[in-house]
Every structure is written in C-alpha cells, then in structure tokens.
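S.K.: Take a look at the letters that make up each chain.
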Amino acid sequence: MRGVFQNHLGLSIGRGNMAIRGDCNMNASWEHFEHQADIGVRGYGDTLEAAFEQAGLAMVAAMVPLERVGQPIRVVVHCEAPDCELLFVDWLNSILREMSLRRMVFSRFSVSIQGERLTGELWGEAMNNQRHEPSVEVKAATYYSLKVGRAAQGRWMAQCVVDV
Amino acid sequence: MNKTGLIRHSEWTWEVPRAGSMLVPGLLYASDALIEELDDKVYEQLSNVASLPGIVKAAYAMPDAHWGYGFPIGGVAAFDPKVGGVISAGGVGFDISCGVRTLLTPYFFDDLQPIRTKLADALFYHIPAGVGSTSRLRLTDREMTAMLTGGSQWAIEQGFGLPGDLDRIEYQGRCDEADPAEVSKEARHRQVEEMGTLGAGNHYLEVQIVREIFDESIARTFGLVPGGVVVSIHCGSRGLGHQVATEFSRRMVMDASEYGIHVRDRELASVPAYSPPGKSYYGAMRAAANCALANRQILSHFVREVFQTVMGGAPLPLLYDVSHNLCSLEDHELEGKKKRLFVHRKGATRALGPGHPELPDCYRETGQPVLVGGTMGTASYILAGTAEGDRLAFSSACHGAGRSQSRSQALKQYRGEDVVEKLRRRNITIKTRSYRGVAEEAPAAYKDVSEVVRATAGAGLARMVARLEPMICVKG
Numbered sequence: 065m066r067g068v069f070q071n072h073l074g075l076s077i078g079r080g081n082m083a084i085r086g087d088c089n090m091n092a093s094w095e096h097f098e099h100q101a102d103i104g105v106r107g108y109g110d111t112l113e114a115a116f117e118q119a120g121l122a123m124v125a126a127m128v129p130l131e132r133v134g135q136p137i138r139v140v141v142h143c144e145a146p147d148c149e150l151l152f153v154d155w156l157n158s159i160l161r162e163m164s165l166r167r168m169v170f171s172r173f174s175v176s177i178q179g180e181r182l183t184g185e186l187w188g189e190a191m192n193n194q195r196h197e198p199s200v201e202v203k204a205a206t207y208y209s210l211k212v213g214r215a216a217q218g219r220w221m222a223q224c225v226v227d228v
Numbered sequence: 242m243n244k245t246g247l248i249r250h251s252e253w254t255w256e257v258p259r260a261g262s263m264l265v266p267g268l269l270y271a272s273d274a275l276i277e278e279l280d281d282k283v284y285e286q287l288s289n290v291a292s293l294p295g296i297v298k299a300a301y302a303m304p305d306a307h308w309g310y311g312f313p314i315g316g317v318a319a320f321d322p323k324v325g326g327v328i329s330a331g332g333v334g335f336d337i338s339c340g341v342r343t344l345l346t347p348y349f350f351d352d353l354q355p356i357r358t359k360l361a362d363a364l365f366y367h368i369p370a371g372v373g374s375t376s377r378l379r380l381t382d383r384e385m386t387a388m389l390t391g392g393s394q395w396a397i398e399q400g401f402g403l404p405g406d407l408d409r410i411e412y413q414g415r416c417d418e419a420d421p422a423e424v425s426k427e428a429r430h431r432q433v434e435e436m437g438t439l440g441a442g443n444h445y446l447e448v449q450i451v452r453e454i455f456d457e458s459i460a461r462t463f464g465l466v467p468g469g470v471v472v473s474i475h476c477g478s479r480g481l482g483h484q485v486a487t488e489f490s491r492r493m494v495m496d497a498s499e500y501g502i503h504v505r506d507r508e509l510a511s512v513p514a515y516s517p518p519g520k521s522y523y524g525a526m527r528a529a530a531n532c533a534l535a536n537r538q539i540l541s542h543f544v545r546e547v548f549q550t551v552m553g554g555a556p557l558p559l560l561y562d563v564s565h566n567l568c569s570l571e572d573h574e575l576e577g578k579k580k581r582l583f584v585h586r587k588g589a590t591r592a593l594g595p596g597h598p599e600l601p602d603c604y605r606e607t608g609q610p611v612l613v614g615g616t617m618g619t620a621s622y623i624l625a626g627t628a629e630g631d632r633l634a635f636s637s638a639c640h641g642a643g644r645s646q647s648r649s650q651a652l653k654q655y656r657g658e659d660v661v662e663k664l665r666r667r668n669i670t671i672k673t674r675s676y677r678g679v680a681e682e683a684p685a686a687y688k689d690v691s692e693v694v695r696a697t698a699g700a701g702l703a704r705m706v707a708r709l710e711p712m713i714c715v716k717g
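From first to last, the protein sequence lines stand for chains P and L.
When we follow the numbering used here, the leftmost residue of the first sequence carries the number 65, and every step to the right adds one.
When we follow the numbering used here, the leftmost residue of the second sequence carries the number 242, and every step to the right adds one.
Hints were generated in silico from the structure; no laboratory data involved.
Be aware that one or more of the hints could be misleading.
FRET-style restraints, in silico, Cβ to Cβ [as the list claims (entries may be wrong)]:
#1 P:ASP110 <-> L:TYR515: 42 to 50 Å
#2 P:ASP147 <-> L:LEU575: 18 to 26 Å
#3 L:LYS323 <-> P:PRO146: 31 to 39 Å
#4 P:HIS142 <-> L:GLN654: 38 to 46 Å
#5 P:PRO146 <-> L:LEU575: 36 to 44 Å
A short, non-exhaustive set of chain P residues, derived as facing chain L with CB atoms under 7 Å [stated by the list, open to error]:
#6 ASN192
#7 GLU201
#8 TYR207
This one's a predicted model, so the numbers in the text were calculated from it and none came from an experiment.
Even for Gly, the Cβ is constructed at its ideal location relative to N, Cα and C.
Use the sequences and the hints to build the structure in full.
M.R.: Written out as structure tokens, the structure reads:
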C-alpha cells in the first residue's frame, strides 16, 4: 500500500492518518510524510483525479480534523498547467486560496481533469475556530518532493511538501 | 550529518567542497553538536543552491539551519546580477519578510507578576491570532496600494505608532523598489481582513524578561536592563505574502528554462535578477515585505493599547524590527571591489556591523540589533552585528532555534495540554486557541537555541548581548 515511491524517495510515513473514502473509491487514501520543518502530503487513488482529491484532504487534515468539517457549501475552481505536477501544485494552492478568501474550510473534493485543465469542486463550510480548532496554517503548496505518477498496484499517487 | 564529506576550517566553520555542478562551495557555521544534529538534506540543499547561476563566494547555512524546501531554512546566498546572477522566490520563501520586532517597556518582572493573568487575557483578546484570524481593519484597494508602498511609514501615518519608531526598523520601515502593481488582485483580496493579525504556526507574541546580559555597554544602548520586561512579536506578511510567493514561484518554474536555467528541484526555480520576470518578482516581494512591516507596526500599536489600558500610560519604545525571509539588493565588497548583489536570506537575519552607513545614529557604534526568537519554553536572544560579519556571510546571522523534530514527531511525543501545564509550573503563561498547535511547537521539538547563539557568536557572525525568557506567550 505504501508502494515504491516511499522507497525511491527515502521518505518515511508520518502519522497513520489513513482516511479511506468509502463513498465511491475504496482504494483512495491519503497520508502525511515526514519533513523536518513542514509537512508532506500524499494522496492515492485508482485515478489521477482521485489521488489529487485525497492529497487535498491530506493538506486540509494538516490544519483541522476533517470529521469536524461539514459540507453544505460548494465552491468550484479551475486550474490549467502544462504538466501533471504543476497542475497538482496549482490544485492545492487553489484550495488554500479559496480557504483564505472565503474564510472557509473544506472536507470533500471532486476533481476532473481534461488534458491540461482541471475543474475542482470543493465542499465545506465557514471556518469556526471553536468547532474546527485549526492548529497550523498551510501557507502554500511547494514544488519540493513533488511527484505525480503511478505507485504500486497501478494506483495513482500525488505528493508534495506544504509550507506551514 | 555525516562529517566525512566536510572540511573543517575552524571550531565553528565547515565547508562543503565544490563538486559536480556547484559553482561555489557551501559554508556551514555550526558547533560539533549542531553539525551532528543536522539532517543530510541540508547538505544536499546547500549544494543545490551553490549550483545556481551567478552565486558568489559561497552558499551559507547559519547555525540554526534545517531542512527546508529548495533552499535550506537558515540559508544565505548572494548573486551578482552583472554575471547573470539570479533571483529566486524559493530563496525567500512563502512568508515574505517574516520577522521579529521587540518593544521595550519601563517595567520589571515584579511589576507584571500581580497582573500577569489580566495582561495575558487582554493580549489574547486584543491581538488577533491563529488560523483564519481577522482584525477590525479593512483596507480599500487604494489604501492597500499605499500600504504596499509605505510599509511601517504608512501605518504610522494612519496613527499606528510614533514617528520615532522608524529609526528602529530595518530600511526605516519601508522597503524601497516595492511595486504594488505587481501584487495581484487575489493577493490583495487575501489581505483585506488580515492587517494586524499574528497568523499561526510558529508565530507568537511574547512578554519576556531580560534574564542575562552579556555585553553591558551594548545592552545599555539597546535599552535592555537585567530583569526588565520587553515584548516581542514574530509574524510576517500574512495571506498577501503567501499569495505573491505562490504566484511568482510558479512563474519562475515556467520561465526558468527560457533563460537556460535548469534546476534539480523545481522549488529552486529562478530567473536572472535583471530579467523582466526577475524585476517583477523583486517589486512584488518588496511590496509584500512592506505589508509585513505594516502588519508588525499595527500589532505593536495593539500591544501598546493593551499595556496602556492594563498598566497606565507609559510608552513602549521600539528596540528594533528585523526581517528573516527577504531578498535585498545590497552593496558588498568582493575581491576588493564593491558589488551590488541580490542577497537572499531565508530564515536568516541581516546583521550589519558597527559603522555601517545604513544603521541609524543610535546603533551606529553598536552594530545592528539581531533579534533571535526561541521557543515558548526556552529563551530568545538579542545579538548585535559585527564588522567581520560582512566577510563571513554578507552580514547575516541566525534567526531562531530551528526545528530538530518534524511536526508529526512532535505530535506523537507531546500533548498540548501537558506542554501548557509544564510551562505554567515554570511560571510561563501560554495563551492559545489550539493545543494541537502547542504540541507541534513544543520547545523540545526545537534545537537548543543557546547552542545556536553560541555558535553564531563563536563564528563571529554576531555578538551576544542579552538572553530573554518568556513570561507570557500568545501563540499564533
């Protein structure tokens, strides 16, 4: 499950915060990986889109407990980039931008990718410090330890370090 | 870090010799203990920085260096634009002009001890801190442009401070060559509600006690007395800075190859400093730095208001304000010639030595105050720049303790509630909205700041002036 990428990058796995999405894709999961000052976020899925969605959850989970975040509001974002890695960083940064501009937090994502274009749906609610108890603020997704590709058993994986 | 690949020049100086594509060597300033603790990734990152076009002398790592993204945190690198020297958004980082500001007070520990809880509560109530915090200020687009041009000067003109403050802020409170037109609509929108907010993570506001003086003469000039109380603020340019860095990092990733720059790590993407995208970034980054300067100025005003309410009318003059994530065009001597260089400091503090023309009259003889933030349970230090610092690392010093444990390691090992209780027993009051945040920032997750400062002073990068211990910490 933790596949060839872990060995290849020499990265150890962080907290075992595996969140299996039971709704449509049992193979989708996310995790954090070790970085001394910041946090590595990694998503797996049967499709590239699912891996992006899971990595988005990994990033939000670095800030708030996902199970405390309701999903009454939907926000749509669009990104465009010449390769999958850039598109991935753009995707994560678009989530952060919407969180900051709308003072919201999200706990469900749906991604569709066509060529160089990504459309993302973000479901969440207004940030509430009492309920969500955010710990850190992710400032940005970086290009460090950035990988998008096939992991073990043909699953897709997308990862990078986010700056906190 | 394995020492076998390093050449030791002195007790405190270690060289990463040139190899492969490195244009200059790497130089690490550290003690034996700090080198042993250093992650091998710092070595790799320093070697990568040393390979960037136009780098001069060396890629430096300060004693608090740790594994970052692209550049190491605690890294200093200078580039000569006349020989294709680059500018890199990754060399500044996402919290542009994050820094520390220290205010002096006329109080002593005994003055505050009886009202400690009241003061802590008032600071916690009035200083917007934590994820998503907002202040009561709302800037129009026109005001935003003025703020991005004027920095602390703008904030003082709006009534947040005293004209005398400006002498005691780097760049007189206003970074030149700021270009607000390069700051996008998104970046501005992210800042609309965030002026005068502390942020989260390792940002903080602390009431501190001067516990030890190492240099009485300089301490006197800095206004520091044994047992005296000071207030320090650690924060940066908030959402605006994050957005500027995000946009320009991407632009540099896209543009680098057009200039024949191919990097091992996309986070190192850079462009020639004098190219159109290089100039755009410099203007936007300096504008974001002004946002940080204005932000710390407004927060200082809030602190002064709280002290006025709780303690009465005594003023809180500024000791100094330093940035530790910034790129500046600076004059330095290189092989006997004066050169204008783009000096990147990512998690490193500028530390001008005595007599430097940019210093205000009050610090001309002492050298620049260097404010080093510790952890909420250990100590912070005040240092002063040295004359030899220019030769050693383009007048740069450490910025903090530097992490030794990752956040997830810290979360596994500590509970926020336990950390707060432990510190309470040591007479340190922690005010926080997130116990998880406290656990991630647990003092034991950081290097020994005293060792970092000892190495900084030992290497000659700065002189030790005073040690401060926290009394109240409002955590971001």
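S.K.: None of the hints should be skipped; say for each whether it holds.
M.R.: Tested hints:
{"no.": "1", "hint": "P:ASP110 <-> L:TYR515: 42 to 50 Å", "in the structure": "holds, 48 Å"}
{"no.": "2", "hint": "P:ASP147 <-> L:LEU575: 18 to 26 Å", "in the structure": "violated, 39 Å"}
{"no.": "3", "hint": "L:LYS323 <-> P:PRO146: 31 to 39 Å", "in the structure": "holds, 32 Å"}
{"no.": "4", "hint": "P:HIS142 <-> L:GLN654: 38 to 46 Å", "in the structure": "holds, 42 Å"}
{"no.": "5", "hint": "P:PRO146 <-> L:LEU575: 36 to 44 Å", "in the structure": "holds, 38 Å"}
{"no.": "6", "hint": "ASN192", "in the structure": "violated, 9 Å"}
{"no.": "7", "hint": "GLU201", "in the structure": "holds, 4 Å"}
{"no.": "8", "hint": "TYR207", "in the structure": "holds, 4 Å"}
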